[in-house]
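Peer 1: Line by line, the protein sequences give chains A and B. Heads up: the first sequence begins at 1 in the numbering used here, then just goes up one per residue. Heads up: the second sequence begins at 1 in the numbering used here, then just goes up one per residue.
Since the hints were made in silico from the structure, they are not lab data. Hints are supplied without guarantee of correctness; some may be wrong.
[Claimed, not checked] Cβ-to-Cβ under 10 Å is the rule here; a few derived chain A residues that face chain B: (1) Gly42; (2) Leu43; (3) Phe64; (4) Gly108; (5) Leu111.
[Stated by the list, open to error] So the derived list for chain B, only partly shown, Cβ under 8 Å to chain A, looks like this: (6) Thr27; (7) Asn30; (8) Gly40; (9) Arg41; (10) Ile49; (11) Thr84; (12) Ala85; (13) Phe88; (14) Gln94; (15) Gly96; (16) Lys97; (17) Phe100; (18) Gly103; (19) Val108.
[Said to hold, decoys possible] Derived lysine-lysine pairs resembling DSS-like cross-links, with alpha carbons at most 27 Å apart: (20) A/Lys57 with B/Lys97; (21) A/Lys57 with B/Lys70; (22) B/Lys26 with B/Lys69; (23) A/Lys57 with B/Lys56; (24) B/Lys56 with B/Lys26; (25) B/Lys97 with B/Lys109; (26) B/Lys109 with B/Lys70; (27) B/Lys26 with B/Lys109; (28) B/Lys70 with B/Lys26.
A virtual CB, placed ideally from N, CA and C, is assigned to each residue, including glycine.
The residues making up each chain are set out below.
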Amino acid sequence: KAGVTQTPRYLIKTRGQQVTLSCSPISGHRSVSWYQQTPGQGLQFLFEYFSETQRNKGNFPGRFSGRQFSNSRSEMNVSTLELGDSALYLCASSSRTGENTEAFFGQGTRLTVV
Amino acid sequence: SQQGEEDPQALSIQEGENATMNCSYKTSINNLQWYRQNSGRGLVHLILIRSNEREKHSGRLRVTLDTSKKSSSLLITASRAADTASYFCATYNQGGKLIFGQGTELSVKP
């Protein structure tokens with residue numbers, strides 16, 4: 001069974017640009033969550049999608065948005081990039097939403113904003 | 001805000017020794033999970049312990065949970081260089097979000 005796939009693996013963008021990251025969950029998984037990881041803040045929850053609906057949202061500005069498609073693939077978009085958006089963005093998929101659920105992570109997208 | 005906090009932040013041991021990491025959390029939980037992250041890569045799920053369990057084993061891993069103290073510990077026995085990684089505990093907060101601690105950076109020297 002293929003794991004969680006995130007593309008691209010590495011990305012360099014300029015301040016003010018926008019970026020779209022993609023996540024393909026494990027086949028059959030309907031829940032996709034996104035996290036931002038930085039040395040200073042650690043792993044911060046961005047949002048969770050389940051069956052194309054945003055179920056949960058973290059404390060990030062509106063520049064961060066996401067969506068999920070009918071095949072459960074998810075994208076997250078960051079507009080008007082700032083230097084502080086440089087981070088490892090991780091996607092996790094689960095077979096269902098809610099507790100008692102383990103999350104399976106992709107390898108992440110390393111975003112560098114210059 | 002962080003739901004779980006790991007202690008110590010960094011740990012350096014020799015191969016063959018045991019490594020113990022601790023996690024404290026703030027609110028009541030249904031379960032607590034431990035994950036491992038190799039440098040700059042994705043997280044790998046290690047073990048899930050439910051609130052009605054006190055101890056759980058998986059290979060060289062032993063996890064304990066003390067709900068009265070709101071704490072958990074992860075013990076890795078007979079550590080290997082390949083165990084070098086960051087280890088995170090994670091719990092679901094009341095909003096249903098899986099929240100991670102800051103992690104313990106484990107270094108196992110050959």
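Peer 1: Now tell me if each hint is right for this structure.
Peer 2: Hint check:
no. : hint                  : in the structure
1   : Gly42                 : holds (5 Å)
2   : Leu43                 : holds (4 Å)
3   : Phe64                 : violated (15 Å)
4   : Gly108                : holds (6 Å)
5   : Leu111                : violated (13 Å)
6   : Thr27                 : violated (13 Å)
7   : Asn30                 : holds (5 Å)
8   : Gly40                 : holds (6 Å)
9   : Arg41                 : holds (5 Å)
10  : Ile49                 : violated (11 Å)
11  : Thr84                 : violated (18 Å)
12  : Ala85                 : violated (13 Å)
13  : Phe88                 : holds (7 Å)
14  : Gln94                 : violated (11 Å)
15  : Gly96                 : holds (6 Å)
16  : Lys97                 : holds (5 Å)
17  : Phe100                : holds (4 Å)
18  : Gly103                : holds (7 Å)
19  : Val108                : violated (21 Å)
20  : A/Lys57 with B/Lys97  : holds (8 Å)
21  : A/Lys57 with B/Lys70  : holds (25 Å)
22  : B/Lys26 with B/Lys69  : holds (10 Å)
23  : A/Lys57 with B/Lys56  : violated (32 Å)
24  : B/Lys56 with B/Lys26  : holds (21 Å)
25  : B/Lys97 with B/Lys109 : violated (35 Å)
26  : B/Lys109 with B/Lys70 : violated (31 Å)
27  : B/Lys26 with B/Lys109 : violated (33 Å)
28  : B/Lys70 with B/Lys26  : holds (7 Å)
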